[in-house]
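Protein chains in written order, with the working numbering: chain A, 1 to 334; chain B, 335 to 610.
I should point out that these hints are in silico values taken from the structure, not numbers from a laboratory. Model, not experiment: these values are computed from the prediction. By construction, the Cβ of each residue, glycine as well, lies at the ideal position given by its N, Cα and C atoms. There may be inaccurate statements among the hints.
In silico SDA-like pairs for lysine to any residue, Cα to Cα no more than 20 Å straight-line [stated by the list, open to error]: (1) B:Lys-437 - A:Lys-74; (2) A:Lys-94 - B:Thr-524; (3) A:Lys-101 - B:Leu-515; (4) A:Lys-94 - B:Ile-519; (5) B:Lys-598 - B:Ile-535; (6) A:Lys-74 - B:Ile-519; (7) B:Lys-516 - A:Leu-70; (8) A:Lys-94 - B:Ser-517; (9) A:Lys-94 - B:Ile-504; (10) A:Lys-94 - B:Ser-596; (11) A:Lys-74 - B:Ser-517; (12) A:Lys-74 - B:Glu-503; (13) A:Lys-101 - B:Ile-504; (14) A:Lys-203 - A:Leu-168; (15) B:Lys-516 - A:Pro-88; (16) A:Lys-94 - B:Glu-503.
Which chain B residues face chain A? A few, computed with CB under 10 Å, are given here [to be verified]: (17) Glu-499; (18) Pro-501; (19) Glu-503; (20) Ile-504; (21) Leu-505; (22) Ala-507; (23) Met-510; (24) Gly-512; (25) Ala-513; (26) Ser-517; (27) Tyr-521; (28) Val-522; (29) Pro-525; (30) Met-526; (31) Leu-528.
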Amino acid sequence: MGRIQLKQVTKAFGDVVVIPPLDLEINDGEFVVFVGPSGCGKSTLLRLIAGLEDTTDGNIEIDGKDATGLPPAKRGLAMVFQSYALYPHMTVRKNIAFPMKMAGMDQAEQDRRIEAAATALNLTDYLERRPGQLSGGQRQRVAIGRAIVREPAAFLFDEPLSNLDAALRVGMRMEISELHNKLETTMVYVTHDQVEAMTMADKIVVLQAGVIEQVGSPLELYRAPRNRFVAGFIGSPKMNLLDGPEAAKHNVETIGIRPEHIAISKTEGQWQGTVGVAEHLGSDTFMHIHGIPGCDPLTVRARGEVDVTEGDTVYLTPQAEHLHRFDKQGLRIS
Amino acid sequence: MARAISRRKKIMWTALAWSLGLLIFFPILWTFLTSFKSEATAIADPPVFFMFDWTTENYTTVLERSNYPLALTNSIIIAVGSTILGIVIAVPAAWAMAFVPGKRTKDVLLWMLSTKMLPAVGVLYPLVLLAKWLGVMDSRLLLIVVLMLINLPIIVWMLYTYFREIPGEILEAARMDGASLKSEILYVLTPMALPGIASTILLNIILAWNEAFWTILLTTVDAAPLTKFIASFSAPEGLFYAKLSAASIMAIAPILIMGWFSQKQLVRGLTFGAVK
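Let the hints inform the model, and build the full structure from the sequences given.
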């Protein structure tokens with residue numbers, strides 16, 4: 001079981017309130033991703049759940065029991081750190097065994113779990129090595145191995161992939177998702193990368209300045225962002241947000257349209273603009289269009305190859321059913 | 335980028351460095367040479383360098399007239415004992431200051447260091463009276479405690495700087511893994527800080543070994559270490575330079591040899607963290 005409830009949880013460092021009172025429910029077996037720009041309080045929130053930071057106010061319940069005052073070791077959670085935080089003076093085997101040794105588990109059971117974890121994570125050949133002799137990806141696997149042998153109520157991940165190169169990141173992303181499918185244990189995952197959030201999460205929690213902007217499934221957030229901030233943060237490339245005359249036509253402050261929801265034509269369309277930078281990826285073409293009032297440049301994403309170059313005049317038509325509208329406060333109007 | 339240095343400058347600087355090194359080493363060399371001279375040659379004017387009748391007579395006399403093995407044993411017990419006691423107290427102290435610093439941590443560190451600026455003689459009477467009242471004068475225990483107290487600020491400071499180099503996330507990981515504070519310090523922090531702890535131990539053994547104010551004043555016979563052993567050859571019997579030199583060489587030889595073998599560790603320890 002791994003159900004985590006935050007009730008009016010507050011965190012202040014001195015006079016600076018980093019997390020104003022916040023409520024959140026994480027259900028058993030859920031993969032929850034905290035996402036937001038750096039400094040939004042997502043890591044602090046994770047550390048509060050872990051018990052590495054004390055709450056200033058409010059309660060944290062794990063499986064219905066109040067865990068607010070419990071030390072990290074007593075919460076039954078495991079954490080994977082951004083820097084991996086492996087013990088450099090121990091072999092991989094001893095690193096993985098450490099939490100079991102601390103729990104006083106008998107040696108035979110320790111060995112059995114180490115073997116199982118090593119097999120699952122492809123670490124069998126490296127058990128006698130030290131962390132310093134491993135690659136970044138292998139170190140990350142050891143950190144995960146150390147977390148799974150405890151069979152925790154929930155896993156906490158603090159930006160675990162940000163130190164890996166791009167190719168490895170995609171691979172590890174898959175591995176963590178597979179691990180979640182296999183173990184069906186609650187996972188709380190912190191990242192600033194919205195692609196990681198979209199691809200891995202059952203539930204995304206978007207944070208800004210310690211405040212939850214929206215909670216929902218990846219596609220809910222994509223389809224119906226609750227405000228301008230979420231609209232701009234979720235989705236890649238970012239949603240185009242237009243102020244001024246184009247928005248006024250819809251009687252709102254701002255309209256939003258995603259780059260993939262704009263049709264492009266060389267002959268006719270609703271808006272006229274000139275092509276700035278065009279990025280040809282083969283599978284897609286990203287175009288930055290200048291000259292459309294209220295949004296400069298406006299990004300357009302088209303499937304496949306589109307034959308445009310810098311300086312071309314093009315016509316754009318947003319798909320009406322995908323238009324997002326926001327009021328003066330930046331809130332969504334449905 | 336390598337700087338261009340002319341050949342002449344290079345020779346000049348090298349010569350200067352060597353002269354300085356020799357100047358610093360000269361007293362030890364002179365003591366060494368004197369210890370093999372007869373008393374008459376030792377005070378000869380002009381002084382004789384190498385051309386004299388080498389004799390080991392001084393060493394034999396010194397060994398006959400005093401209890402060198404006891405002094406050596408005392409020195410070892412006092413130096414090692416005070417260092418170990420200091421480390422046991424300083425590790426938790428440095429842990430607290432490095433990983434859970436409070437508002438006043440910096441002040442506490444500076445205040446601790448300020449005790450090193452207090453003239454030792456200022457606490458001589460209180461300490462002697464206390465020791466007499468407790469009946470521990472001329473005991474190894476007293477010297478272990480006193481030398482530990484004197485060197486504790488340095489031990490804490492050194493450990494503090496080494497601990498600061500250890501990423502806090504690793505200790506947090508240990509906490510998440512269920513380690514108690516004791517296990518965290520014992521299984522994670524100490525092994526990682528081992529190079530630093532080792533050089534702290536080495537340096538403090540040297541400091542305790544060479545400490546001559548308290549060791550001379552607080553001992554008479556039973557707990558007298560090598561410092562007292564040297565001193566006993568200087569005062570009452572007039573100036574016996576050759577024997578005094580022999581005693582000195584016997585007193586500094588063990589620590590000199592230890593320092594020589596561990597110099598790599600010492601240098602590494604003293605510059606630990608300066609370069610990654």
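Against the structure, the hints come out as follows:
Distance check on the hinted pair: Lys-437 (chain B) and Lys-74 (chain A) sit about 28 Å apart at the alpha-carbon level, beyond 20 Å; violated. Proposed proximity of Lys-94 (chain A) and Thr-524 (chain B) is supported: the alpha carbons are some 16 Å apart, at most 20 Å. Distance hint between Lys-101 (chain A) and Leu-515 (chain B) is fulfilled; the C-alpha atoms sit about 15 Å from each other, no more than 20 Å. Note on Lys-94 (chain A) and Ile-519 (chain B): the hinted pairing holds, with a Cα-Cα distance of about 17 Å set against a maximum of 20 Å.
Taken as a hint, the Lys-598 (chain B) and Ile-535 (chain B) pair is honoured in the structure, with Cα atoms around 14 Å apart against an allowance of 20 Å. A hinted pair counts as satisfied when its Cα atoms are at most 20 Å apart, and Lys-74 (chain A) with Ile-519 (chain B) qualifies at roughly 18 Å. Using a Cα cut-off of 20 Å, the hinted pair Lys-516 (chain B) and Leu-70 (chain A) holds, with the two alpha carbons roughly 17 Å apart. Among the hinted pairs, Lys-94 (chain A) with Ser-517 (chain B) is consistent with the structure: their alpha-carbon atoms are about 14 Å apart, no more than 20 Å.
Simply put, Lys-94 (chain A) and Ile-504 (chain B) have alpha-carbon atoms about 15 Å apart, close enough for the 20 Å limit, and the pair holds. For the proposed pair Lys-94 (chain A) and Ser-596 (chain B), the alpha carbon gap of about 30 Å is over 20 Å, so the pair is violated. Restraint check for Lys-74 (chain A) and Ser-517 (chain B): satisfied, since their Cα atoms lie roughly 15 Å apart, inside the 20 Å limit. The hinted pair formed by Lys-74 (chain A) and Glu-503 (chain B) meets the criterion: a straight-line CA distance of about 18 Å does not exceed 20 Å.
This hinted pair checks out: Lys-101 (chain A) and Ile-504 (chain B) have alpha carbons roughly 17 Å apart, not beyond 20 Å. Distance hint between Lys-203 (chain A) and Leu-168 (chain A) is unfulfilled; the C-alpha atoms sit about 24 Å from each other, more than 20 Å. A threshold of 20 Å between alpha carbons decides the hint, and for Lys-516 (chain B) with Pro-88 (chain A) the separation of about 19 Å falls inside it, so the pair holds. Annotation: proposed proximity of Lys-94 (chain A) to Glu-503 (chain B) holds, straight-line Cα distance about 18 Å (limit 20 Å).
For Glu-499 (chain B), the suggested interface contact is broken, since its CB lies about 12 Å from the closest CB of chain A, more than 10 Å. For Pro-501 (chain B), the interface hint holds, the least distance from its beta-carbon to any beta-carbon of chain A being 6 Å, beneath 10 Å. With its C-beta approaching chain A no nearer than about 4 Å, Glu-503 (chain B) sits inside the 10 Å limit, and its interface hint holds. For Ile-504 (chain B), the interface hint holds, since its Cβ comes within 10 Å of a Cβ in chain A; the closest pair sits about 5 Å apart.
For Leu-505 (chain B), the shortest C-beta to C-beta distance to chain A is roughly 9 Å, which falls under 10 Å, so the interface hint holds. Look at Ala-507 (chain B): its Cβ gets to within about 4 Å of chain A, closer than 10 Å, so that hint holds up. Interface restraint check for Met-510 (chain B): the shortest CB-CB distance to chain A comes to about 5 Å, inside 10 Å, so the restraint holds. With a cut of 10 Å, the hint placing Gly-512 (chain B) at the interface with chain A holds, because the nearest CB-to-CB distance is about 4 Å.
Here the hint on Ala-513 (chain B) is kept, as its CB sits about 5 Å from the closest CB of chain A, short of 10 Å. The beta carbon of Ser-517 (chain B) is positioned within 10 Å of a beta carbon in chain A (closest approach about 6 Å), and the interface hint is therefore held. Taken as an interface hint, Tyr-521 (chain B) checks out: its beta carbon lies about 8 Å from the nearest beta carbon of chain A, inside 10 Å. The beta carbon of Val-522 (chain B) is positioned within 10 Å of a beta carbon in chain A (closest approach about 6 Å), and the interface hint is therefore held.
Interface hint status for Pro-525 (chain B): upheld, as the beta-carbon distance to the closest one in chain A is roughly 4 Å, under 10 Å. Annotation: Met-526 (chain B) was flagged as interfacial toward chain A, and the flag holds, the nearest CB pair being 6 Å apart, inside 10 Å. The criterion of a C-beta within 10 Å of any C-beta in chain A is met by Leu-528 (chain B), whose closest approach is roughly 8 Å, and the hint holds.
Checked against the numbered hints above, the structure breaks hints 1, 10, 14, 17 and satisfies the rest.
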